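Residues per chain, in single letters:
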Amino acid sequence: MENFEERLGRYRLAEPTDGYKERVLSGIHARRPNRLGPWVWSMAALLLLSISLNIYQLGVAGSGSRSLEPRVADTQHRGVRVIQVQNVYVPGELNRPDVKAREYF
Amino acid sequence: MHPNWVENLFLEHSRKFYLVALGITGQRELAADAVHDAMVSLVRSRSTPDDPTAYAYRSVRNRAIRLSTGRDRFVVSIEEFLVDDAESEAPQPEEAAFLHEVCQGLEDLSPDQRETLVLHLFGGMTFREIAEIREISLNTITSWYRRGIGALRRGLVHDGKF
Numbered sequence: 007m008e009n010f011e012e013r014l015g016r017y018r019l020a021e022p023t024d025g026y027k028e029r030v031l032s033g034i035h036a037r038r039p040n041r042l043g044p045w046v047w048s049m050a051a052l053l054l055l056s057i058s059l060n061i062y063q064l065g066v067a068g069s070g071s072r073s074l075e076p077r078v079a080d081t082q083h084r085g086v087r088v089i090q091v092q093n094v095y096v097p098g099e100l101n102r103p104d105v106k107a108r109e110y111f
Numbered sequence: 024m025h026p027n028w029v030e031n032l033f034l035e036h037s038r039k040f041y042l043v044a045l046g047i048t049g050q051r052e053l054a055a056d057a058v059h060d061a062m063v064s065l066v067r068s069r070s071t072p073d074d075p076t077a078y079a080y081r082s083v084r085n086r087a088i089r090l091s092t093g094r095d096r097f098v099v100s101i102e103e104f105l106v107d108d109a110e111s112e113a114p115q116p117e118e119a120a121f122l123h124e125v126c127q128g129l130e131d132l133s134p135d136q137r138e139t140l141v142l143h144l145f146g147g148m149t150f151r152e153i154a155e156i157r158e159i160s161l162n163t164i165t166s167w168y169r170r171g172i173g174a175l176r177r178g179l180v181h182d183g184k185f
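Protein chains in written order, with the working numbering: chain A, 7 to 111; chain B, 24 to 185.
Because the hints were derived from the structure by calculation, they are not lab data. These figures come from a predicted structure and were not determined experimentally. Fair warning: there could be bad hints in the mix.
[Stated by the list, open to error] Now the in silico label distances, taken between C-beta atoms and shown as ranges:
#1 Asp182(B) to Ala36(A): 46 to 52 Å
#2 Val46(A) to Ser166(B): 52 to 58 Å
#3 Ala119(B) to Asn9(A): 14 to 20 Å
#4 Arg18(A) to Arg89(B): 46 to 52 Å
#5 Asn27(B) to Glu12(A): 51 to 57 Å
#6 His123(B) to Trp45(A): 53 to 59 Å
#7 Ala50(A) to Asp73(B): 42 to 48 Å
#8 Ser133(B) to Arg18(A): 36 to 42 Å
#9 Arg67(B) to Asn9(A): 44 to 50 Å
#10 Asp182(B) to Arg29(A): 45 to 51 Å
#11 Ala20(A) to Pro134(B): 20 to 26 Å
[Claimed, not checked] Interface residues of chain B toward chain A, partial, derived using beta-carbon atoms under 8 Å:
#12 Arg38
#13 Lys39
#14 Leu42
#15 Leu53
#16 Leu122
#17 Val125
#18 Gln127
For each residue, glycine too, the CB sits at the ideal point set by N, CA and C.
Required output: the full structure, derived from the provided sequences and hints.
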């Protein structure tokens with residue numbers, strides 16, 4: 007048994023010479039966490055949020071039915087002048103009969 | 024801990040990491056892949072382990088085992104790396120044939136016996152080092168080694184190769 011072990015014990019696994027170290031080191035350097043990462047992601051998220059809000063506001067402003075501006079229509083109906091006012095909120099007075107009378111002539 | 028701790032750890036233990044992986048995979052490409060993947064995963068981990076060295080060895084072993092999963096046999100190509108310490112050159116044809124038979128015989132051992140033999144016999148690692156890496160008692164490691172070397176020798180004697 008001793009002879010067998012001694013014979014095998016003369017041999018060693020050589021250090022790999024096929025770029026093993028360089029490859030692992032390049033992997034370590036490539037994957038090292040970037041300290042600027044969180045800042046970059048935060049700024050990107052803020053930019054995205056800003057763009058989304060702008061698009062939303064443009065959509066709201068461009069849609070007539072959703073316009074937040076009061077709309078006034080001044081027309082003639084069978085010889086009677088009719089003025090319609092929309093998008094005007096009068097707190098507490100919406101259900102009063104005289105509101106309609108005031109809003110629609 | 025210093026931000027370059029993974030790099031420093033690798034530079035200090037690169038050969039042993041490689042040996043540990045090679046003892047499991049038996050193939051240099053897979054062993055290198057296992058070490059590479061383990062080091063990259065350490066770099067990407069958000070926290071530093073309490074015992075980085077032990078953690079790194081465990082990580083290398085786990086990667087090597089994962090890469091070896093699904094392969095039918097322990098494919099031995101380690102004879103390419105064996106050099107005679109005394110002569111520091113490629114072994115003579117007769118010795119090369121003997122080593123080839125040894126590497127073939129390794130396939131018939133249990134994974135634990137094979138890994139222990141490769142690390143101790145060809146890697147030059149002490150039983151204590153292997154026990155610490157494997158987190159197994161020293162007695163178990165020496166037992167695996169003795170049984171492994173015995174089985175390997177018996178196989179070669181039986182085949183008339185030794």
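How the hints compare with the structure:
1. Between Asp182(B) and Ala36(A) the Cβ separation comes to about 48 Å, which falls inside the hinted range of 46 to 52 Å.
2. For the hinted restraint 52 to 58 Å between Val46(A) and Ser166(B), the CB-CB distance of approximately 54 Å keeps it satisfied.
3. For Ala119(B) paired with Asn9(A), a C-beta distance near 19 Å keeps the hint of 14 to 20 Å intact.
4. Between Arg18(A) and Arg89(B) the beta carbons are some 27 Å apart, a value that contradicts the proposed interval 46 to 52 Å.
5. Checked against the hint of 51 to 57 Å, the C-beta distance between Asn27(B) and Glu12(A) comes to roughly 42 Å, which is inconsistent with it.
6. About 57 Å separates the C-beta atoms of His123(B) and Trp45(A), a value consistent with the hinted range of 53 to 59 Å.
7. As the Cβ distance of Ala50(A) to Asp73(B) is approximately 35 Å, the hint placing it in 42 to 48 Å is violated.
8. Between Ser133(B) and Arg18(A) the CB atoms are about 23 Å apart, so this pair departs from the stated range of 36 to 42 Å.
9. At about 49 Å, the beta-carbon gap between Arg67(B) and Asn9(A) stays in the expected band of 44 to 50 Å.
10. A hinted range of 45 to 51 Å is violated for the C-beta pair Asp182(B) and Arg29(A), which are about 38 Å apart.
11. Between Ala20(A) and Pro134(B) the CB atoms are about 23 Å apart, so this pair conforms to the stated range of 20 to 26 Å.
12. A cut of 8 Å between beta carbons decides the hint on Arg38(B): the least distance to chain A is about 6 Å, and the hint holds.
13. Violation of the interface hint for Lys39(B) is found here, the shortest Cβ-Cβ separation to chain A being roughly 11 Å, above the 8 Å cut-off.
14. Interface hint status for Leu42(B): upheld, as the beta-carbon distance to the closest one in chain A is roughly 6 Å, under 8 Å.
15. Annotation: Leu53(B) was flagged as interfacial toward chain A, and the flag is violated, the nearest CB pair being 12 Å apart, outside 8 Å.
16. Checking Leu122(B) against chain A by beta carbon gives a least distance of about 7 Å; that is within 8 Å, so the hint holds.
17. Checking Val125(B) against chain A: minimum C-beta separation of about 7 Å stays under 8 Å; hint holds.
18. Because the closest C-beta pair between Gln127(B) and chain A is about 14 Å apart, greater than 8 Å, the hint is violated.
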